[in-house]
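**Q** Mapping of the sequence shown onto this note's numbering: position 60 corresponds to residue 60, and the numbering continues sequentially without gaps.
It is possible that part of the hints are untrue.
[Stated by the list, open to error] Simulated crosslink set (DMTMM-like; lysine to aspartate or glutamate; CA at most 20 Å straight-line):
1. Lys181 x Glu202
2. Lys154 x Glu197
3. Lys154 x Glu179
4. Lys181 x Asp156
5. Lys154 x Glu202
6. Lys154 x Asp180
7. Lys144 x Asp156
[Claimed, not checked] Pair ranges (Cβ atoms, derived):
8. Tyr216 x Leu157: 46 to 56 Å
9. Leu11 x Thr62: 21 to 31 Å
10. Ala160 x Glu211: 39 to 49 Å
11. Asn26 x Val48: 24 to 34 Å
12. Thr195 x Glu151: 25 to 35 Å
13. Glu179 x Val143: 14 to 24 Å
14. Val177 x Glu211: 31 to 41 Å
15. Leu24 x Asp58: 46 to 56 Å
16. Glu145 x Arg206: 51 to 61 Å
17. Tyr29 x Phe4: 26 to 36 Å
Calculated directly from the structure, the hints in this document are not laboratory data.
Small disclaimer: the values here were computed from a predicted structure and weren't measured.
Glycine included, every Cβ here is placed at the ideal spot set by N, Cα and C.
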Amino acid sequence: MSRFMWVLGVLLAAAGVAILFLALFNNAYLQVRGLQMSSAIDLIIGAVLAIGLAGVIDAVRTAGGYSQSSSDIPEIPIESPPVEVVAETPAVAQEADAPASRQMRFPSFSRKVEAAAAPAVVVAGSETAAAAEKAEEIVTPAVKETISALEQAKSDLEAALAGPEETAQAAEGELYVVEDKVIRGRPARILSDGTVEAETDEGWMRFENLEHLDEYLDAIEQA
């Protein structure tokens, strides 16, 4: 099957190349025969597909043969080497049965170490407190004023950032202009609630929608 596809692909490629050369040098002959440049392209594409299919068939056949040959290989049993059991000697058994040695403790020595460490902890705590007091003394009134000014500026900035949001929330219920238009030569504007304000002969008037405004203007023109 793969050989047939190879032969078919080669024939299609040859036919496509031949039609391509004829189209380049003698296009009138192809038109008489009803052939075009697209026919050559189709033949070449068919040749590529046929050759590719032949390659796929060969690969599948090779993979099937490899799997079959691997399944035919007999399994070789793996023998584990013998394990030698060594008998325990009497000396090792005596050491295992012997009780664990007791640890020697010196209570007087541990007490001396604790007594020596306690003054060191007290000295370290006093040094830390003294360093904190010195740091507080180094902070001058000017530095304190600078810190307070920075905190005040921070609070003012937070209030300024929060102010526009509160104003926007408070102004949600108010009307605002959505779009400015010119209707029949008269300036008009559409408000946020859907109503329309337009300039008439009697001044600015508000209408429910654009249809009411058109009806009003029609009535004025008819009058």
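**Q** With respect to the beta-carbon atoms only, verify the hint that Leu11 and Thr62 lie 21 to 31 Å apart.
**A** Holds - the Cβ-Cβ distance for Leu11 and Thr62, about 25 Å, lies within 21 to 31 Å.
**Q** Could you see if the CB distance from Tyr216 to Leu157 stays within 46 to 56 Å?
**A** 52 Å, holds
**Q** Note whether the CB distance of Thr195 and Glu151 lies within 25 to 35 Å or breaks it.
**A** Between Thr195 and Glu151, where Cβ atoms are some 49 Å apart, the hint is violated.
**Q** Verify the proposed pairing of Lys144 with Asp156, using a straight-line Cα cut of 20 Å.
**A** 18 Å, holds
**Q** For the pair we were handed, Lys154 and Glu202, check the Cα-Cα distance against 20 Å.
**A** The given pair, whose Cα atoms are some 54 Å apart, is violated under the 20 Å limit.
**Q** Can you tell me whether the CB distance of Leu24 to Asp58 sits inside 46 to 56 Å?
**A** 34 Å, violated
**Q** How does the Cβ-Cβ distance of Asn26 and Val48 compare with 24 to 34 Å: does it lie in that range?
**A** 25 Å, holds
**Q** Holds or violated: are the alpha carbons of Lys181 and Asp156 at most 20 Å from each other?
**A** The hint is violated at about 42 Å.
**Q** Given the range 26 to 36 Å, decide if the beta-carbon distance of Tyr29 to Phe4 lies inside it.
**A** For Phe4 against Tyr29, whose Cβ atoms are near 31 Å apart, the range 26 to 36 Å holds.
**Q** Just to be careful, I want the Cα atoms of Lys154 and Glu197 compared with a cutoff of 20 Å; is the pair within it?
**A** With Cα atoms ~45 Å apart, Lys154 and Glu197 exceed 20 Å; violated.
**Q** I want to verify a distance hint. Is the separation of the beta carbons of Val177 and Glu211 within 31 to 41 Å?
**A** 20 Å, violated
**Q** Does the structure keep Lys181 and Glu202 at a Cα separation of 20 Å or less?
**A** 19 Å, holds
Consistency note: the structure conflicts with the earlier hints numbered 2, 3, 4, 5, 6, 12, 13, 14 and 15.
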